[in-house]
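Number of protein chains: 2
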Amino acid sequence: MKLKHWEEALRLIEGKNFANLGTLMLDGSPQVTPVWVDHDGELIIVNTAEGRIKLRNVTKDPRVAVSIFDQDNPYNKILIRGTVVETTKKGAEEHIDKMAMKYRGLAKYPWGQPGISRVLIKIRPSRISK
Amino acid sequence: MKLKHWEEALRLIEGKNFANLGTLMLDGSPQVTPVWVDHDGELIIVNTAEGRIKLRNVTKDPRVAVSIFDQDNPYNKILIRGTVVETTKKGAEEHIDKMAMKYRGLAKYPWGQPGISRVLIKIRPSRISK
Numbered sequence: 003m004k005l006k007h008w009e010e011a012l013r014l015i016e017g018k019n020f021a022n023l024g025t026l027m028l029d030g031s032p033q034v035t036p037v038w039v040d041h042d043g044e045l046i047i048v049n050t051a052e053g054r055i056k057l058r059n060v061t062k063d064p065r066v067a068v069s070i071f072d073q074d075n076p077y078n079k080i081l082i083r084g085t086v087v088e089t090t091k092k093g094a095e096e097h098i099d100k101m102a103m104k105y106r107g108l109a110k111y112p113w114g115q116p117g118i119s120r121v122l123i124k125i126r127p128s129r130i131s132k
Numbered sequence: 003m004k005l006k007h008w009e010e011a012l013r014l015i016e017g018k019n020f021a022n023l024g025t026l027m028l029d030g031s032p033q034v035t036p037v038w039v040d041h042d043g044e045l046i047i048v049n050t051a052e053g054r055i056k057l058r059n060v061t062k063d064p065r066v067a068v069s070i071f072d073q074d075n076p077y078n079k080i081l082i083r084g085t086v087v088e089t090t091k092k093g094a095e096e097h098i099d100k101m102a103m104k105y106r107g108l109a110k111y112p113w114g115q116p117g118i119s120r121v122l123i124k125i126r127p128s129r130i131s132k
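Chains A and B are the protein sequences, given in the same order. If you count by our numbering, then the first sequence holds residues 3 to 132, one letter each, in order. If you count by our numbering, then the second sequence holds residues 3 to 132, one letter each, in order.
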């Protein structure tokens, strides 16, 4: 079943646009942080790293929200609510290079830290509004 | 007591930059929405309207998060967590005109709806990170 506005969400995600990811702190209060964003056709993908607050948050409570607007026209926007269905290191190192190319035109992500693995957060959207 | 990074937050808020406001839905899940943003030197101010989900949310649970990045350099960003200390109609109609000027160069906000009042959401920041 395709969600309403999903195609528009895909176009915004494919553009060089930042998303804002909302997660829940351990006490249930909200946290919002700008992120690079990707999708695999079904799930929204955010690349984070071990030790980050947002990773800890979604591990505790998988409910998230994502907003994304067109960098060239912020009034073209999409609001998404959804659930993290997977966090995985699999493919995450290659994926951060893909993101570095998309957002910075770099063949390889240059800011990796030794001993800290990248982690993919995969989000299944449940509701999309404009 | 001045919070760390507060001056940087003020500069970003004063720029023609969008904020992303994170609130809590009635079931405790996060919601994130791009907003115009202002401050009064102490509090962060978001102008919304009666009937909006974010207003309902902060009335139920005042805990919020705000992220804001420089539209011209998204890597210059500020993450704020805080609490809504007031929601008020007082000054909200004049304030939405101020926001229309800041963000759209319009002397008067042209999208008002008859019978729906504007409401100011005033947020006291408790923690700011970069």
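Keep in mind that the hints are not guaranteed to be accurate.
In this list, chains with the same sequence are indistinguishable; a pair is considered to hold if it fits within one copy or across any two.
No more than 25 Å apart at the CA atoms, straight line, and that leaves these computed lysine-lysine pairs for PhoX-like [claimed, not checked]:
hint	residue 1	residue 2
1	K79	K110
2	K132	K79
3	K6	K91
4	K92	K132
5	K110	K132
6	K110	K92
7	K62	K104
8	K62	K132
9	K132	K18
10	K4	K62
11	K100	K79
12	K100	K6
13	K4	K91
14	K79	K124
15	K62	K100
16	K79	K18
17	K6	K110
18	K6	K92
19	K110	K62
20	K62	K18
21	K79	K92
22	K6	K62
Hints in this document: simulated from the structure, not taken from any laboratory.
Verification of the supplied hints:
{"no.": "1", "hint": "K79 x K110", "verdict": "between (29 Å within a copy, 23 Å between copies)"}
{"no.": "2", "hint": "K132 x K79", "verdict": "both (6 Å within a copy, 24 Å between copies)"}
{"no.": "3", "hint": "K6 x K91", "verdict": "neither (30 Å within a copy, 33 Å between copies)"}
{"no.": "4", "hint": "K92 x K132", "verdict": "neither (32 Å within a copy, 28 Å between copies)"}
{"no.": "5", "hint": "K110 x K132", "verdict": "between (34 Å within a copy, 24 Å between copies)"}
{"no.": "6", "hint": "K110 x K92", "verdict": "within (17 Å within a copy, 52 Å between copies)"}
{"no.": "7", "hint": "K62 x K104", "verdict": "neither (30 Å within a copy, 39 Å between copies)"}
{"no.": "8", "hint": "K62 x K132", "verdict": "between (28 Å within a copy, 23 Å between copies)"}
{"no.": "9", "hint": "K132 x K18", "verdict": "both (19 Å within a copy, 21 Å between copies)"}
{"no.": "10", "hint": "K4 x K62", "verdict": "neither (28 Å within a copy, 31 Å between copies)"}
{"no.": "11", "hint": "K100 x K79", "verdict": "both (24 Å within a copy, 22 Å between copies)"}
{"no.": "12", "hint": "K100 x K6", "verdict": "neither (28 Å within a copy, 34 Å between copies)"}
{"no.": "13", "hint": "K4 x K91", "verdict": "neither (28 Å within a copy, 39 Å between copies)"}
{"no.": "14", "hint": "K79 x K124", "verdict": "both (21 Å within a copy, 24 Å between copies)"}
{"no.": "15", "hint": "K62 x K100", "verdict": "neither (28 Å within a copy, 41 Å between copies)"}
{"no.": "16", "hint": "K79 x K18", "verdict": "both (14 Å within a copy, 17 Å between copies)"}
{"no.": "17", "hint": "K6 x K110", "verdict": "neither (35 Å within a copy, 33 Å between copies)"}
{"no.": "18", "hint": "K6 x K92", "verdict": "neither (30 Å within a copy, 37 Å between copies)"}
{"no.": "19", "hint": "K110 x K62", "verdict": "neither (31 Å within a copy, 45 Å between copies)"}
{"no.": "20", "hint": "K62 x K18", "verdict": "neither (30 Å within a copy, 35 Å between copies)"}
{"no.": "21", "hint": "K79 x K92", "verdict": "neither (30 Å within a copy, 29 Å between copies)"}
{"no.": "22", "hint": "K6 x K62", "verdict": "neither (28 Å within a copy, 28 Å between copies)"}
The structure fails to meet hints 3, 4, 7, 10, 12, 13, 15, 17, 18, 19, 20, 21 and 22 from the earlier list, while all remaining hints are met.
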